[in-house]
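K.L.:
Protein chains in written order, with this note's numbering: chain E, 1 to 142; chain D, 1 to 142; chain C, 1 to 142; chain V, 1 to 142.
Just so you know, the hints here were simulated from the structure itself, not pulled from any lab data. Treat the numbers as computed from the prediction; the structure is a model and nothing was measured. Accuracy of the hints is not assured; some may be wrong.
The list treats identical chains as one, so a pair stands whether inside a single copy or across any two.
To be verified - Derived DMTMM-like pairs: lysine to aspartate or glutamate, alpha-carbon spacing no greater than 25 angstroms straight-line: (1) K105 / E53; (2) K127 / E112; (3) K127 / D15; (4) K13 / E112; (5) K105 / D66; (6) K105 / D121; (7) K105 / E56; (8) K13 / E104; (9) K13 / D66; (10) K13 / D58; (11) K105 / E48; (12) K13 / D79.
There are 4 protein chains.
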Amino acid sequence: MSTQQPLADWPLKIDMSVVWGDMDAYQHLNNTVYFRYFESVRVELLRESGFIESMEQDGIGAILRDTRCRFRAPVTYPDRVHVAGRVREIGEDRFVMDYAIWSEKLATLAAEGDGTIVCLDYRAAAKAPIPDSIRARLEGYR
Amino acid sequence: MSTQQPLADWPLKIDMSVVWGDMDAYQHLNNTVYFRYFESVRVELLRESGFIESMEQDGIGAILRDTRCRFRAPVTYPDRVHVAGRVREIGEDRFVMDYAIWSEKLATLAAEGDGTIVCLDYRAAAKAPIPDSIRARLEGYR
Amino acid sequence: MSTQQPLADWPLKIDMSVVWGDMDAYQHLNNTVYFRYFESVRVELLRESGFIESMEQDGIGAILRDTRCRFRAPVTYPDRVHVAGRVREIGEDRFVMDYAIWSEKLATLAAEGDGTIVCLDYRAAAKAPIPDSIRARLEGYR
Amino acid sequence: MSTQQPLADWPLKIDMSVVWGDMDAYQHLNNTVYFRYFESVRVELLRESGFIESMEQDGIGAILRDTRCRFRAPVTYPDRVHVAGRVREIGEDRFVMDYAIWSEKLATLAAEGDGTIVCLDYRAAAKAPIPDSIRARLEGYR
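Pulled out of the complex, with its shape left as it was, chain E reads as follows (with noise of 0.2 angstroms):
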């Protein structure tokens, strides 16, 4: 990977500043920041493979099963973090996304992650398979 173009091949990609109180009172990012920045790339996917829209006109949605992060490099504030997202695996009911940061101030990787999304229908609450019309937008994002 080159500092020149962090994560350049990734399909999902948000870049954000880093918020100063988003430190702990050892002065780097707090391992929970982390999963908000996962979640934001995450989110960004729920809507543009149409999850949300399909949550609000038939309860078919999008619940996180698990995730975790393997914390690289601590961040502090002032930087600019670049975090993005793709689709690894697709299966019948659930989909795997993995997440990576990247860090401009220290060129480097900060932290890298994965987590299971399971698609679920709200009306039954019961796992359902994921409508074809979002399955082909989410094979974009691989």
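With chain E's structure known, arrange chains D, C and V on it following the hints.
P.N.:
Same frame as chain E, but now just chains D, C and V:
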């Protein structure tokens, strides 16, 4: 105010352990956390006065119009705080709450604040008079 | 105020994308987030005026004494906000900032607020006069 | 596991009231809050095992290397949660903790997780062996 019975005369009170992760890089509680504490006691009042029920049944709810906080002492982990609330004034379509936060470790008042809550008809998207049954219950929290 | 150049005359400004996870169960930005926005612009001023440097060198820092917010419009994801700050008054050992938050999606002022910041000699644990060099720089942010 | 004595056999436990403001727009606890809960029990262990003291005296501290969470049930306000932690493995320069969150209202396990904590010589900015006195105390939290 006695250190033995801090905030003893306030009608609403919540006791909470201070969470390490709520401290910021200055190694004391971040200013936003005081407003989170105020919110917790406000939500208690909204439940007990019937605003939550009314919101679900008739779309008559409450919305925060303004709030402020006077910070008196920096709170640090570990500590236990007592967060108190009471109704100061009740108007036609709004009421004012007072808040106070007591630190057990410091044995002093850590913060004081207040806020105006407006009664809102969410269906009409307009201010609404406070329903009589709720008003009567709010009177009990002065 | 024109919708074309919101907050154009304010000396300090930060643009931020609204984060989905900053919404609460009412599905708009939680009230504490407005204070987090105010903090971000305040920290910018503390850096630019020399308070951060002074804290590291001489233990002369700044501490928030009080703050308030008047909520004008509920902000929702996705949106982009402009957070502005300026110095309103400078006293012997304190200064007052005004804050404003503009919503691009709503094309309106979402909130206004202010806060008093006190100059503190952390080594002596006592209020201190604002150093002249900092005072001169604060004047530039009126 | 009995609903009468949830997590009874775990050596570290914190009870907390669920805070309304920790719910997100899906109207249940935001995923980052589970990691905040894990952190609270981890910080307890760091204090009780001597890592906080060691950090202040010798610059030998602890840093989170990775963590994950498996979400099992959505937690909503009002509720009371029991957050438990224990030491699973102790290596030369790191140890692994398990976490669990029990919901009183749901009478079920809301989440499970784990995380690796690395011993760090902050002065040398390098991994360091876990000091013997801390290691002995960590053994007591298996």
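K.L.:
Which earlier hints can't be squared with this structure?
P.N.:
Hint check: 3, 10 fail, others pass.
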